[in-house]
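Asker: Letter by letter, the chains look like this.
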Amino acid sequence: MTDLSLTAAKRASRRRWILLAPALILLVFAASGPLLITVIFSLLTPGDYGGVVWKFSTDGWFGVFAQRDIFDGTFGWSDAHLSIFWRSVKLSLITTVACLFFGVPTAYFIATRPKKQRGFWMLLIIIPFWTNLLIRTFAILELIRNEGTVNSLLIWAGVIDAPIQILYTEFSIILGMVYVYLPLMVLPVYASMERFDFSLVEAAYDLYATRFRVLRRVILPLVKPGIVAGSILVFVPSLGAYVTPRVMGGGNQLMLGNLIELQFGQGRNWPLGAALSMTLLAIVMVALIVYVRAAGNEEVQHG
Amino acid sequence: MTTAISARSLRKVYPGTPPVEALAGADLDIQDNEFFTLLGPSGCGKTTLLRMIAGFEHPTSGSLDMFGASLLDLPPYKRPINTVFQSYALFPHLTVSQNIAFGLEMLGKPKTEIKETVAQMVDLVQMSELADRQTGQISGGQQQRVALARALAPKPRVLLLDEPLSALDFKLRKEMQLELKRLQTETGITFIFVTHDQEEALTMSDRIAVMNAGSIRQIGAPRDIYDHPAERFVADFIGDTNFLSAQITSSNADRARVDLSSGESTSARLPEGGARDGQVTLAIRPEHAKLVMPDDGLLRGTLENIVYFGTDTHIHLRLTDGTPFTLRQQNNSETELQFAKGDTAGIRFAPDVAQVLKD
Ligand SMILES: Nc1ncnc2c1ncn2[C@@H]1O[C@H](COP(=O)(O)OP(=O)(O)O)[C@@H](O)[C@H]1O
Ligand SMILES: [Mg+2]
Numbered sequence: 002m003t004d005l006s007l008t009a010a011k012r013a014s015r016r017r018w019i020l021l022a023p024a025l026i027l028l029v030f031a032a033s034g035p036l037l038i039t040v041i042f043s044l045l046t047p048g049d050y051g052g053v054v055w056k057f058s059t060d061g062w063f064g065v066f067a068q069r070d071i072f073d074g075t076f077g078w079s080d081a082h083l084s085i086f087w088r089s090v091k092l093s094l095i096t097t098v099a100c101l102f103f104g105v106p107t108a109y110f111i112a113t114r115p116k117k118q119r120g121f122w123m124l125l126i127i128i129p130f131w132t133n134l135l136i137r138t139f140a141i142l143e144l145i146r147n148e149g150t151v152n153s154l155l156i157w158a159g160v161i162d163a164p165i166q167i168l169y170t171e172f173s174i175i176l177g178m179v180y181v182y183l184p185l186m187v188l189p190v191y192a193s194m195e196r197f198d199f200s201l202v203e204a205a206y207d208l209y210a211t212r213f214r215v216l217r218r219v220i221l222p223l224v225k226p227g228i229v230a231g232s233i234l235v236f237v238p239s240l241g242a243y244v245t246p247r248v249m250g251g252g253n254q255l256m257l258g259n260l261i262e263l264q265f266g267q268g269r270n271w272p273l274g275a276a277l278s279m280t281l282l283a284i285v286m287v288a289l290i291v292y293v294r295a296a297g298n299e300e301v302q303h304g
Numbered sequence: 145m146t147t148a149i150s151a152r153s154l155r156k157v158y159p160g161t162p163p164v165e166a167l168a169g170a171d172l173d174i175q176d177n178e179f180f181t182l183l184g185p186s187g188c189g190k191t192t193l194l195r196m197i198a199g200f201e202h203p204t205s206g207s208l209d210m211f212g213a214s215l216l217d218l219p220p221y222k223r224p225i226n227t228v229f230q231s232y233a234l235f236p237h238l239t240v241s242q243n244i245a246f247g248l249e250m251l252g253k254p255k256t257e258i259k260e261t262v263a264q265m266v267d268l269v270q271m272s273e274l275a276d277r278q279t280g281q282i283s284g285g286q287q288q289r290v291a292l293a294r295a296l297a298p299k300p301r302v303l304l305l306d307e308p309l310s311a312l313d314f315k316l317r318k319e320m321q322l323e324l325k326r327l328q329t330e331t332g333i334t335f336i337f338v339t340h341d342q343e344e345a346l347t348m349s350d351r352i353a354v355m356n357a358g359s360i361r362q363i364g365a366p367r368d369i370y371d372h373p374a375e376r377f378v379a380d381f382i383g384d385t386n387f388l389s390a391q392i393t394s395s396n397a398d399r400a401r402v403d404l405s406s407g408e409s410t411s412a413r414l415p416e417g418g419a420r421d422g423q424v425t426l427a428i429r430p431e432h433a434k435l436v437m438p439d440d441g442l443l444r445g446t447l448e449n450i451v452y453f454g455t456d457t458h459i460h461l462r463l464t465d466g467t468p469f470t471l472r473q474q475n476n477s478e479t480e481l482q483f484a485k486g487d488t489a490g491i492r493f494a495p496d497v498a499q500v501l502k503d
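Protein chains in written order, with my numbering: chain A, 2 to 304; chain B, 145 to 503.
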């Protein structure tokens, strides 16, 4: 009796472990493992042709924020790095806000279509996802470069005489990132809106709320979970983006992702690259904590 | 008396294949301070009519006025009309009192006034103890009260109620019927109440509009409609009715002399705008007829079934021409049925209780 139940319990526990295995493997090899390696690499010495030499050093971390003056050997803040951090945060924030601005009404539009049509509209949102990121980014580049479609059309129409410099500016990076990350905003917002009970909108209209107030007082508070999720999904990859800033920024508008890539590539400074990666992670975590706290605490406002 | 809501040839067709004509040209005048009920079977267009008054639907054609001014160009938030929704539609992210305050806040009322009114309203619907609960944490009946308080708080000129009691159980429903009637009398607000329950309509309303398949069939006080249904649908939908065929022999302004199938003749009421001669159908309420000895009856029939209901007894007869006839007798200590199943009995009714139907 006792023996039987014991082996049964053992078998049950083994089955549990087997079922958990994929998750555990993923956690070890895809999450904790690489993270651990990055932490270790950030504390080693760079090798001459890339890679690392197994010798402890804090130079990598030091280089994240500081730099040695090549003339007098004193140390100072690394202005170049700080300005890149700042640009990354700024552009990611602007991208997130722009995605909210375009994504929320889009999700609202789709969620208010008849059920049968919603699939079609979602398909239109998702289709760009099926195309390679580089190709999509170069497509935008073709649109906005000086001899591109937009400028040609404007010149042809006589609105401008000379092409406007759109490409290789912060604006073009934002444009590219908004385009790339917009679906990541639309999807979660749409999901929360689809669950939204639209008779509440009528109830609010009925109680003297104008369209704008219906949005602010009823729709937004109730779809906030989707908006929070969408903002995170857009902000986080924006912060680490590197293809879009590279193509649209043309190399002189670096973002964190490009800086990191530089260290692992031409820079041959893996420890600095690893330390920068950890810094990026830290910025993301701090931003998320601040954001989620703020979104969670914000009481329903009156007035 | 002033007219609160007035509709002329109001029509609504929902686009689609095929298009649905939900309302086929309604004419309606609802008085100020009236408890007015739209009564009809499911799908007859009650909600559609209500939604047009609220402003959620735009009529396909026709006019809709409120206190003499057209409503048609006003969005819902500019109409001094509030709605109690069938699903209540309470805001789930707000508390009971925040729900009730919503309309007042949107109207830009001062904070102190809002607080006062909310307190009054919470009191009025007996929800003071639960004022700070989330709306998901209260029962259906309580949600119903909150929905009512929320709609009443901004003191609308007209309150629309779309089957507000249909989700409640029987006992709560009876309570809320009385409650609604009391609130209407106390506030003096015009109530337009939608129901498919004829008993509810009869007990609560000042006037009832009976609807069927997108059109208004008859408008009148509960008693009028019950005692003098204008057509077969109304007679059938409200209460139980016996239908008899009869022949008009002579008529004056609103009465006619009719010959029944038994050969006897009696006096019946004529409907407005109905036939004044020829073969017609009469409606007679079961409680308006009584059993007598066969030779004293206007009609004769065989008792087929006797069903005891406590307060009254229903007696089912088959007339000599084959038509079924039901009779309802109140039970009290003095009356005792002198007939048994299978007996032949006579049926009598007073002059003018029979109503000639239009169709
Ligand atoms: N939005 C709509 N689109 C198409 N048809 C509708 C719509 N709303 C109601 N209908 C149709 O109009 C008719 C009347 O509906 P409704 O006014 O809801 O009736 P009731 O409230 O009396 O049950 C029904 O046949 C219904 O199917
Ligand atoms: Mg309805």
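Incorrect hints may appear among the rest.
Across the chosen pairs, the derived CB separations fall in these ranges [stated by the list, open to error]:
1. B:Ser186 <-> A:Leu125: 32 to 40 Å
2. B:Pro162 <-> A:Ile26: 55 to 63 Å
3. A:Arg114 <-> B:Asp209: 47 to 55 Å
4. A:Gly159 <-> B:Lys222: 55 to 63 Å
5. A:Gly159 <-> B:Ser207: 45 to 53 Å
6. A:Leu125 <-> B:Val157: 52 to 60 Å
7. A:Arg114 <-> B:Lys315: 26 to 34 Å
8. B:Ser283 <-> A:Leu289: 38 to 46 Å
9. B:Asp209 <-> A:Leu125: 26 to 34 Å
10. B:Pro162 <-> A:Arg114: 31 to 39 Å
11. A:Leu289 <-> B:Gly280: 24 to 32 Å
If you're looking for bench data, these hints aren't it; they were derived computationally from the structure. C-beta: ideal position from N, C-alpha, C; glycine also.
Asker: Hint by hint, note whether the structure agrees.
Answerer: For each hint, the structure was consulted:
Between serine 186 (chain B) and leucine 125 (chain A) the CB atoms are about 38 Å apart, so this pair conforms to the stated range of 32 to 40 Å. With their beta carbons about 59 Å apart, proline 162 (chain B) and isoleucine 26 (chain A) fall inside the hinted range of 55 to 63 Å. For arginine 114 (chain A) and aspartate 209 (chain B), the hinted distance range of 47 to 55 Å is not satisfied, since their beta carbons lie about 34 Å from each other. For glycine 159 (chain A) paired with lysine 222 (chain B), a C-beta distance near 45 Å fails the hint of 55 to 63 Å.
Taken as a hint, the range 45 to 53 Å holds for the pair glycine 159 (chain A) and serine 207 (chain B), whose Cβ atoms sit roughly 51 Å apart. Separation of leucine 125 (chain A) from valine 157 (chain B) is about 31 Å and departs from the stated range, judged on CB atoms against 52 to 60 Å. Between arginine 114 (chain A) and lysine 315 (chain B) the beta carbon distance is about 42 Å. The supplied range of 26 to 34 Å is therefore violated. Restraint check, serine 283 (chain B) to leucine 289 (chain A): a C-beta distance of roughly 39 Å satisfies the suggested window 38 to 46 Å.
A beta carbon spacing of about 44 Å between aspartate 209 (chain B) and leucine 125 (chain A) contradicts the range 26 to 34 Å that was offered as a hint. For proline 162 (chain B) and arginine 114 (chain A), the Cβ-Cβ distance of about 22 Å falls outside the hinted range of 31 to 39 Å, so the restraint is violated. Our hint of 24 to 32 Å for leucine 289 (chain A) and glycine 280 (chain B) holds, since their Cβ atoms are close to 28 Å apart.
Consistency with the previously given hints fails for numbers 3, 4, 6, 7, 9, 10, ordered from lowest to highest.
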